[in-house]
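These are the residues of each chain, in order.
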Amino acid sequence: MSASEPVLSVRNLTVEIGTRRGTARVVNDISYDVHRGETVAIVGESGSGKTVSALALMRLLPEPPARVGGRVLLDGVDLLRGSERELCRIRGHRIAMVFQDPMTSLNPVLTIGQQLVEPIRLHLPLTAGAARDRAVEMLHLVGIPAPRHRLDDYPHQFSGGMRQRVMIAMALACDPEVLIADEATTALDVTTQAQIVELVAGLQDRMGMAVVWITHDLGVVAGIADRVAVMYAGQVLEEAPVDALYEDPRHPYTTGLLASVPTPGIDRPHRLFAIPGLPPDPVALPPGCPFWDRCAVRGEPRAEFTPQPLRPVGSDHQVACSCAGPAARHG
Amino acid sequence: MGRYLLRRLLHTVLAMLGVSIGVFLIMHLVPGDPIRLALGTRFDPEVYQALRSRAGLDRPLLAQYGTWLSHAVTGDFGVSFRSGQPVGELLWQRLGPTATLAGAALLVALSIALPVGILSAVWSGSVIDRIATALSQLWVSVPDFWSGIMYILLFALVLGWLPASGYVSPLDDPVQALRHLVLPALTVGLISGSILTRFVRSAVLEALNQDYTRTARAKGLSRWQTVRRHVLPNAWIPIVTVAGLQLGFLLGGVVVVEVIFEWPGLGRLAYDAVIRRDYSLLQGAVLVIATVFLTINLFVDILCGYLDPRVRRP
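Top line first, the protein sequences correspond to chains A and B. If you count the first sequence from 1, position 195 lands on 606 in the working numbering, and the numbers rise without skipping. If you count the second sequence from 1, position 158 lands on 357 in the working numbering, and the numbers rise without skipping.
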């Protein structure tokens, strides 16, 4: 843990969603800190609760059916207890978000300019003309050619990668302290992915915001993250600095995840590793460790694996597993 | 936009031609000879033949169609078999009352459907939404002949506030015209409004669930700012389309309501023409109704093109 106060501090965040089949416990007691200028990656497979946890901390989940608990402190102010009016002043201004699908995240009937000027006019004391200049500046910053000319174009006149650049420009227009990138590269082709990752990293150096990068792509994480939180079944199973996580994963799930990443250039004697089984149903979460059913190094019986808090296993390295250690590593 | 307009215009013209052929043919293929009908059961075959050739019914179909169409495009639909009056004149007399009723009914429908539909979408699942849904379902299922008669009973006979039936031209007496308009407009407008309410609700709900709505909220817009700036501009497109269709139906005439309220509209004219096998009148009426319908569709398409940049600037 670094000495400075975190800009974003998520404490015991839980999200329950009422469904026809019962209450789905989608996010179960997750906590993490993000410091100024830092990039924290939240990784996990589909359905692990990454996106829901991000939407929950922005208070963007419809409540009901969702019920959000815990605390989300942005510079010490709890977002989960703020009024809707206060949140409207914070969203897009101090904490901003880029979404997965740039094809559907922009409004098809409004020009890029209209959509880009909107948060600027909403949060910054600028005139219409100055806001437009700011919009042009932002488009230029994210690498859109001839930005002033393109302000009056509509989203469908941009490619997917360009639209995601517009989304990023929109999110950063008011110079937020925290940017949440939710699978921001998933819908893009590989070369565009790399460009967007580099773009965000470059902008982070210039603007100094903290980034929460939500992804299932461990390749992306390795390149940009300072710290990584591994999510599974709505829980953080392991949290560590990126190098520690890759070199010395302690949780059997993390080990499995890393083993299932294809490594180019290495002639593999075996087929690509896959963790057997499926994640548990959030409506019927088993008691104890959520990964027990799929775990290669589990102890018997399961009852021993009561839900465990993260415990430190190294400097700034925490894991939620009673038998986690270097020995848990898969070959 | 230019190409789009041109294409739509061409489609409309082609559709009108298709309608005219259909109208012309069906009239000639259905059993029942208008001359025979006009003459009654006993007639002189020579008179019959003379009348037939005077009406041009003994010429080849294609020639009949050509003549008929060339006259029709200039507004000359021939003479009504029954009344002997020019069909164009008869239609023209009915267009005013029909347009008045349709316009008023659409006004009633929209002034209910827009606020109620938007509110019940934004607060979907709430008490307001449930009440609105139940009421609109009820009104859609109540037949117009029943609700019309109930309004007459209540507002005309029991309370005596409004006239029970009849039409007064707004040019003659605006106040009386309005008083006569209220009940038929309410009868049609409430039903039309119930249908529209459900369309408005689903269009707004659909737009509310889109990713761009979430983006707007993430930018810091309040719920109503989001509805106004992001949801409605998208929802207008389906709403305008359905409202246009409704207007088309209303202008085509609402026969039952016109009969109940003795409203001299197009629908009743067409109905009478069918019953009396008044060929030329029916052809004229159907063609005018179809033209009005297609023209409204054309305007709706133009409006949607204006509302949707993906159509306007592909």
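Any given hint could turn out to be false.
[As the list claims (entries may be wrong)] Now the in silico label distances, taken between C-beta atoms and shown as ranges:
1. Pro475/A to Glu405/B: 18 to 24 Å
2. Glu405/B to Ser494/A: 24 to 30 Å
3. Gly540/A to Arg329/B: 27 to 33 Å
4. Ala333/B to Glu456/A: 40 to 46 Å
5. Leu535/A to Ile330/B: 57 to 63 Å
6. Ala333/B to Arg500/A: 35 to 41 Å
7. Gln424/B to Val694/A: 51 to 57 Å
8. Glu456/A to Gly217/B: 54 to 60 Å
9. Arg500/A to Arg202/B: 27 to 33 Å
10. Phe498/B to Val601/A: 43 to 49 Å
Read the hints as simulated data drawn from the structure, not as lab findings. These numbers come from a predicted model, not from an experiment. Beta carbons are placed, not taken as given, at the ideal position from N, Cα and C, and that holds for glycine.
How the hints compare with the structure:
Between Pro475/A and Glu405/B the Cβ separation comes to about 20 Å, which falls inside the hinted range of 18 to 24 Å. Look at Glu405/B against Ser494/A: about 29 Å separates their beta carbons, and that is inside 24 to 30 Å. For the hinted restraint 27 to 33 Å between Gly540/A and Arg329/B, the CB-CB distance of approximately 47 Å leaves it violated. Judged by the Cβ atoms, the range 40 to 46 Å given for Ala333/B and Glu456/A holds: they are separated by roughly 43 Å.
About 42 Å separates the C-beta atoms of Leu535/A and Ile330/B, a value inconsistent with the hinted range of 57 to 63 Å. For the pair Ala333/B and Arg500/A, the beta carbons lie near 39 Å from each other, so the given range of 35 to 41 Å is met. With their beta carbons about 35 Å apart, Gln424/B and Val694/A fall outside the hinted range of 51 to 57 Å. For Glu456/A paired with Gly217/B, a C-beta distance near 56 Å keeps the hint of 54 to 60 Å intact.
The given range of 27 to 33 Å is broken by Arg500/A and Arg202/B, whose C-beta atoms sit roughly 45 Å from each other. A C-beta distance of roughly 47 Å is found between Phe498/B and Val601/A, which places it inside the suggested range of 43 to 49 Å.
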